[in-house]
Amino acid sequence: MFLTHIWLIPLLPAVGAAVMFFFGRRLQKATVSAVCVGSIVLAFILACGAVWQYSAWSSTSDNFHKPYQTILCTWLGSDTGHLNYRTQDGSPAPLQADVGFLLDPLSSIWLLFVTGVGMLIHIYSTGYMAHEGGYYRFFGYLNLFMFSMLTLILANNYVLLFVGWEGVGLCSYLLIGFYFHRKSASDAAAKAFIVNRIGDAGFLLGMFFIAWYFGSLRFIEVTHIAHSGRFSIGDPIITAATLLLFVGACGKSAQLPLYIWLPDAMEGPTPVSALIHAATMVTAGVYMVARSNALFVLAPTSMKTVAIVGALTAIFAASIGLVQNDIKRVLAYSTVSQLGYMFLALGVGAFAAGVFHVFTHAFFKALLFLGAGSVIHSMSGEQDMRNMGDLGHRIPITHRTMFIATLAIAGIFPFAGFFSKDAILWETWSREGGAYRFLWYVGYATALMTAFYMFRLMYLTFHGRPRMSHEAEHHIHESPMSMTVPLIVLALCAVGTGWLGWPHSLGGSDRFTKFLEPVFAGEARVLQEEGRTSQLVAGVEEQHNSSTEWLLMALSLAAAGLGWGMAWRSYRHADKGYTEPIAAAVPPVYDVLLHKYYVDEGYDYVFTGRRKLGNVRLGVLGLGTASAWFDTHVVDGAVNAAGWITRLTGTISSWWDKWIIDGIGVNGPATLARILSYPARLFEWGLVQWYALVMTAGLVGFVFYYVYR
Amino acid sequence: MQNHILSIILFTPLLGALVLLFVPKENKDAIRWIANLFSLGGFLISLPLVPMFWAQRFEPGFKFIEGSPSNWIPTIGAGYLIGIDGISFLLIMLTTLLGWISILSSWTAIENRVKEYYVWFLILQTGMLGVFMALDFFLFFVFWEAMLVPMYLLIGIWGGPRKLYAAIKFFLYTLAGSVLMLLGILFLYFHHHALTGIYTFSLTALYQTAPKIYSDPAYGPNIAILLFFAFFFAFAIKVPMFPFHTWLPDAHVEAPTAGSVILAGVLLKMGTYGFIRFSLPFFPDVLMHTRVRTWMIVLSLIAIIYGALVSLMQKDMKKLVAYSSVSHLGFCTLGIFALTPLGLSGSVLQQVNHGISTGALFLIVGILYERRHTREIAEYGGISNVMPVYATITMIMFLSSMGLPLLNGFVGEFTILQGTFMENWRWGAWAVPGVVLAAAYLLWLYQRVFFGTVTNPKNEKLHDLTPREVLTFVPLLIMAFWIGLYPKPFFQILEQPVNQIVANVRTPQSGGVVNAATQPDAAQAPIATTAAVIDAPTRVQPTKGTK
Amino acid sequence: MAPVATPFFFYLLSGIMLIGGILVITRKNPVHSALALIVTLLAQASIYLMLYAPFVAGVQIILYAGGIMVLFLFVIMLVSIDRSIKERQFNSQWVVGIIAATALGGLFIAAFTKGDKIFPEHVLPMVENDNTQNIATLLYGQYMFAFEIASLLLLVAIIGAVVMAKKRI
Amino acid sequence: MLHITTLHYLVLGAALFLLGVIGVLTRRNVVIVLMSIELILNAVNLNLVAFSRLWGGLHGQIFAIFVITDAAAEAAVGLGILIAFFRNKETVNIDEVNLLKW
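Protein chains in written order, with my numbering: chain L, 1 to 709; chain Y, 1001 to 1547; chain P, 2001 to 2169; chain A, 3001 to 3102.
These are calculated hints, taken from the structure and not from any lab test.
Fair warning: there could be bad hints in the mix.
Partner residues are not named here, just some residues of chain L that face chain A (Cβ under 7 Å, in silico) [claimed, not checked]:
#1 615
#2 687
#3 692
#4 693
#5 695
Computed spacing ranges between beta-carbons, pair by pair [what the hints assert, rightly or not]:
#6 Y:1482 <-> L:386: 52 to 58 Å
#7 P:2071 <-> L:678: 58 to 64 Å
#8 L:708 <-> P:2009: 34 to 40 Å
#9 P:2145 <-> Y:1071: 40 to 46 Å
#10 L:660 <-> Y:1217: 57 to 63 Å
#11 Y:1160 <-> L:325: 21 to 27 Å
Short, incomplete list of chain A residues facing chain L, as computed with Cβ under 10 Å [to be verified]:
#12 3025
#13 3044
#14 3097
Bear in mind the structure is a predicted one, so any value in this text is a computation, not a measurement.
Yeah, the Cβ is synthetic: ideal placement off N, Cα and C, and Gly gets one too.
Construct all of the structure, not just a fragment, from the sequences and the given hints.
Encoded structure:
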C-alpha cells in the first residue's frame, strides 16, 4: 500500500504549496502551520511506511535486491513510439521521460532523512518564523521545496531528477531571497540560481550524452546497459558524460569552482539554511553521482576528478571557515567542506561511505544550523560571533544540543561524525592499493581544521566574556518549545545515527553499507574486474588490516582533540578585542582567508564582469556590453546605413527629377506655353456675360456667313 | 460546419472588423465590447477544432481542406485552398488565443482612435490566421503581405515616441524579404509549368516539382541554393535570425502592448513556420548536401548566445524582452535546421511556448508601462511590495521563459536540445549556454524591478492587477502549466507532420546525389510513409512494481 | 375659325408678349419681371392654341406659368433683392450687348427675307382633335427612350438642386 | 397681310429671342438673366410649334414638351446654384461671379 502510493509522498507537499499559493494570503498562521507541517508529517509517515514495505519486498526471493519502480505515465514524449531520435549506433530511441518513481536503498536513505529532517525543520520554523511577515509565503516555498526534493530523490529517470534538481534550485532562490527588500539577499538569491544554472547546463549535456549512448534515461535501464559490459572502461563518451554530470553536481553541491553561492545563501532565514543549504538540497549532487555510480566506475578519469575536487574543496572551505566571524558563514563553509568529504568518498569509489556521511551530516549539520538559528533568535538577529559570548547558561538547551553536534562533526567517538568521517578517511587510505593516499593527508588536515573552527564557534558563542550590548543581553531568552524539541530530536540523531555504520574493525556489523549493497554491488564487480581494488563492501572488509585502521582512527581522534585543544586555548576567555591566533601568527594568511581567497572578487573581474579591470570589462557583462555595442553600431548600423544610402540616392534622384527631368523636360514646354498664352488671356476676364456676348458675336458671324455666302 | 470550420475561424475577425465599421467612432465602449466579443468569439469558434483535430491527429497529410487549386483566379492558377496539419493547428490555436488576450489587454491602454485600432487589429488577426492556413502560395503571399499593413499602422499610429522610425523599419525590412520570396515563388511557379505544363500555385503540386531543381541539369545546385536564400531572407527577417534582427527591438519598444504581444507571439512564428512549410520541403537537397545547413545552425547558435548577451545589457524592459525573443527564436531555428523529428517538434512547441511566455512578458511590461509610462528598469525597484499578485505572475512567467521544468519553456528547449544534440553534439553543446544566460538576464531584471525596497516615490501608489488584467493572464498561465506538466498531447499532434517533413527532407530526391556520409539513414523511407522513416523503437519494458 | 379673328388675336397676343418681354428685361425689381414673364408665357400659351397645340399650351400654363415661375418667385424671396434694386441694373457691356443683339436681329430679318421661298405656300392639313392622344402615342411610342432620358434628367436636376441649395448634407 | 403665315410666328419668335438675348447680355441680376433664358427657350418653343403646324405633324410639339422639361431642370439647377452662390457672396450680381477668373 505504501509502495504503490509512493507518488503521494512528493504530492502531499505539492498540495500544501498549491494551497498556500492560492489561499495562503487569507489563512490564519495556525492554519498555515497545520496544512504545511501536516503535509510533511504525513509524507514522513508515508516515507517510513514505504521504506519499511520496500525492505520487506526486496528481501523476497523474487525481487531480491531489486529496486522498486512504478511508472504513472509518460511526461515528455508522445508515448506512441514514433517520435524518435537516433542513438550513437543508429538505432531509434523514443523521446521519453516518465512520471515514474524508483525506490531502492539509496533513495530510501535520502527519503528518510529528507522527510525526517524536513519535518523537524518545519516544526522549528513555526517557532522561528512566528513573528515574521510572509509566513504563508515561507511555508509555501518550504513545501514546494519538499516537493522538488522528493521528486529529485524518487525520480526513476534523469529528466525527472532534473525536474526536482531545478525545482530545488528555484526554491533555494526563492528562500534565499525571502527577505527580498534586502539587496544582499536578492543578490545572493540570483547568484545561487545562476551558478546552479551553470551546473545544470552541464547536467543537461551529460544527460544528452547518456541518452545518445544508452538510448534511455531511466536509471534502471542505464545501469543495466552499463553493467552489461558493452562499454569498455575509460570510454571517452562516458567519461565526458560523467564529467558533465559532475559539473552539475558541483553546482548543486557547492564544490570548487562553483561553491561560491553557498556562503552567500546564508542570507535566507536560518531554517532554510538548515534544510536546504545544509541537510538536503546540497547533497543532491552527491545523490546524483551515487545514482550514476554505474557510469562513474566506467570512467576512472571522472572518478579521480571527483575525488580531487572533493578533497580540494574540503580543505579549501575548511581553511576559510577558520577565520570567519559570522556564525552562519562558518557553518556554511563547514558544509562546503563536508560536502567535499562526501565527494572524496565517492571519487575513491567508496560510495557507501559517502552516502553514510551524507546521512549523518544531515542530522548534525541541521542541528548546528538550527542551533545557530536559536542563538540568532535569542540574540535578536545578531549573527556576528564577535558580539556574542557566554551564552551557555542563558540558553542551555541550545548550548547542549549544539555541543553534541559539534562533537559529532569534529569526529569524536562515539558520535555520528566519527563513524562516517573515519569510514571516508579509511577508504581514501586503503582504496586502490593506496593510490589516493595523498588525498588522505588532505582529508586529515581538514579534520583538524574542522575540529578547530567548530570549537572556535562554540567557545566564541557560548563561553568567554559576554560581548553583546546591554540591550541585547537583556533580551536573551531560550527559544520556544517548537524550536527546542526539534533540536533535542536532532541531537539524539546526531549521537545515534553513526551507530548504524559501526565498522567491523570495532566489532560492529556496518549495517548501513550492507543496506546499500544492492545499489553499489555491481560497481564492486566492475572495480574488481578492473583490478583496481581488492575490497569494497561488507564481507570483503574483514580481510584488511584492522590494526592500520585502528591507527588511523586514533590519529583522526587525535586531530579532533588537537583542534579542540587549540580552540580551547585561544577562545576560552575571549573578551572584547580578542586576538585571532592565525592573525597573530601569520597576518597575510589571515587576511587572505578572511577575504575567502578573494575568489568572489576574482570571479567578478574575470567571469561576471561586475568589476572592471582598469577600463576593460571582462566576463559575461563585458561580452554583453560588446555585443550590445556591436548590435547598435554594426548590425543596426548596417541596416540604417542601407536606409541612409537609399535615402541619399532618393535625394539625388529627386533633385535630378525636380530640376532636370521635371524642370527642363516637363516644365520647360509648359513655361513656353504660358508665355505664349498671355495674349490669349486678354480676351478672358472671367465674366460670364462676356462669354455670352462673344457667343452671340459668334452666332452673328455664323448666321451672317450662311445668309450672305 | 465541419467542412467550413477553417473558413469560419479565418473570417470571424474580419466580420468583426466589418461590423465595427458601422459603429460611430465616438461610442468607444461599444467599440471595445464589440471587438472583444468578436475576438473572444474567434477564440471560442476555434475551440471545436481541437476535438475534431484530435480525432485525426495521426492521419497523414493536410486536414480540413477547403477549396481547390485554381478556383480563385483560374487564369494564373491561384486558388482559395486552405487546410492544416499539426504544426499549423497549434499555431492557429495560439493565434486565436493571443488575439483575444491582446485585444482584451488593450481596453484601457488605447484611448485615441479606438475604432481604427480595433478594426486594424481584427484585420491583422485574419491575416495571420490566413498565413497559417493557406495551402496555395498565392493565397499565402496575399495574407503574408496583407498582415504587414495593419501591423505597420498599429506601430505607426499607437506606438511610442519613435514610432514612425520603427514602423517604417519594420515595414521596409519585411517587405524587402518578401520581394525576394515573391521572386522565388514565381521561379517555382514557372518551373512547375515547365515540368508539367500546368500553371498552379498549389503547395502540394509545388512540393512535387520544387525539389527537382537541385538535380535538374538546366538549373543545378547553385540555382537551388539561390532560391533557398530567396526564401531564407523573407523568413529570416521575419523570425528574426541573427544579422536581420535589429528591426525587432525597435518595433517592440515602440509598438503598443497588444501589438508587441501579437508581434512576438504570432508574427515571428510566421518566419519559422515558413521555414518548416516551405524551405524544408522545397529544398531538401540544398539542406542535406551543401553547407547551407551548417550556416543556418551557426546563425541560430549566434542568435541564441548573442541575443542573450545583448539582452543582459538592456536598460529598457521591452528591449530586453525583445532581445530575449531573438535568443528564444534562435532555439526554434536551431531545432528546425537540426532536421530531426525531435528538433522539429521541439521547435514548434517552443514557438507556442514563446508565444505564451513572451506574450505574457510583454503584457507584464505593458501593465507597468500603463501605470508609470516608462520602461526604464532603473525607474523601478521593490515592486513586489506594492504589487504582490503581479510579482507572482511575473515570476511564474519569467521561470517559464527561462525554461524551468514543469513549465512550458523547459519542454520545448529540452526537446530541441536533445534533437539537435543527437544530430551533432557540438550544436547542442553550444546552445546550452543560452539557457544559463536566460536565467541571468531574467533574474537580474526581476531583481532590479521587483526586489528591494521601493526607492522611487512614484512607485509607492501603484495599484495591483485589476480583475481584467488577471483575466488576461489566466489562459496563459493555464497553458504554461499545461504544456509543462502534460505535453504529451502536443507531441502527439506534432508527431505525424514532423516525421513527414523529416522523411521528405531526408529522402533523396529523384536524381539527387546521395552523400552517404552526411546521410546515413536516408535510404529507408519513401516520401509519404512517415512511420517507416524512424521505425518503431524496441522499447524496453519498464520494470513494473508489484502491487 | 373665322379668318378675321385670327390676325386680330395674333397681333393682340404678339403685342402682349413683346411688351411683357420688354418689361422682363427692363424692370428693376425681379418680382415685376417675373410677373411680366408670366403674362408673356400666358400669351404664348394662347398662341399655341391658335397653332392647334392644346396640349403644349396646357403644359405651358401648368409647368411654366404655374411651376417654374413659382420657383422663381420663391428664389426671389430667398435672396435679398433690396440691395440689387438700388444698384446699377445693367452691366458695363450693355451697349455692346445691345448692338450685338440688334445685329443678330438684323440678320434674322435678312434671313427671313431671303429664305421666304423655302416654306410651302399652304400649311398642310392637320388633325385638329385628339391632339393629346396623338402626342401621348408618340411620347410613349417613338420617343419612349427620349422620354425616359428626360425623366432621368429631371431626377438629376432635383438631386443637383437639393445638393447645391442645402446648407449641410 | 391679313393672312397669318408661318413667317409671322417666326418673326415673333425672333423678336422674343432677341429680347431674351438682350436680357442675358446686359442685366446684372442673375434672376433676371435666368428669366431671360426662359424667354429664349420660349422663343424656340414658339418656332417649334409653328413648324409643327406647318408640316402638319406632332413632332415639333413633342420637341417643345422636351424643351419645357429641359427648362424646368435648368431653372431648378440654376436657381439652386444661385442660392448657394448668394449664401456665399451675399449678392445676386452676375459680374461679381468671378471665382474662376484667373
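The hint says 52 to 58 Å between residue 1482 of chain Y and residue 386 of chain L; measuring C-beta to C-beta, is that right? 54 Å, holds
Would you settle whether the hint for residue 3044 of chain A is holds or violated, based on the nearest Cβ-Cβ distance to chain L being less than 10 Å? Since chain L brings no Cβ nearer than about 14 Å to residue 3044 of chain A, farther than 10 Å, the hint is violated.
Supplied contact hint for residue 692 of chain L, tested at 7 Å Cβ to chain A: Nearest chain A Cβ about 5 Å off; hint holds.
Against chain L, is residue 3025 of chain A within 10 Å by beta-carbon distance? At about 5 Å, which falls below the 10 Å cut-off, the nearest Cβ of chain L leaves the hint on residue 3025 of chain A intact, so it holds.
A range of 58 to 64 Å was offered for this pair. Does it hold for the Cβ distance of residue 2071 of chain P and residue 678 of chain L? Roughly 43 Å apart at Cβ, these two residues miss the hinted range, so it is violated.
The hint says 57 to 63 Å between residue 660 of chain L and residue 1217 of chain Y; measuring C-beta to C-beta, is that right? Given range 57 to 63 Å: violated, Cβ gap about 48 Å.
Do the beta carbons of residue 708 of chain L and residue 2009 of chain P sit within 34 to 40 Å of each other? Once the Cβ atoms are compared, 36 Å apart, the range 34 to 40 Å for residue 2009 of chain P and residue 708 of chain L holds.
Kindly confirm whether 40 to 46 Å is satisfied by the beta carbon distance between residue 2145 of chain P and residue 1071 of chain Y. For residue 2145 of chain P and residue 1071 of chain Y the Cβ distance comes to about 42 Å; the hint holds.
Does the closest beta carbon of chain A sit nearer than 7 Å to the beta carbon of residue 615 of chain L? 72 Å, violated
Please check whether residue 1160 of chain Y and residue 325 of chain L have a Cβ separation lying inside 21 to 27 Å. Roughly 51 Å apart at Cβ, these two residues miss the hinted range, so it is violated.
Are residue 693 of chain L and chain A close enough, Cβ to Cβ, to be under 7 Å, as the hint says? 5 Å, holds
Proposed interface contact between residue 3097 of chain A and chain L, which counts if any beta carbon pair is under 10 Å: 6 Å, holds
Checked against the numbered hints given earlier, the structure breaks hints 1, 5, 7, 10, 11, 13 and satisfies all the rest.
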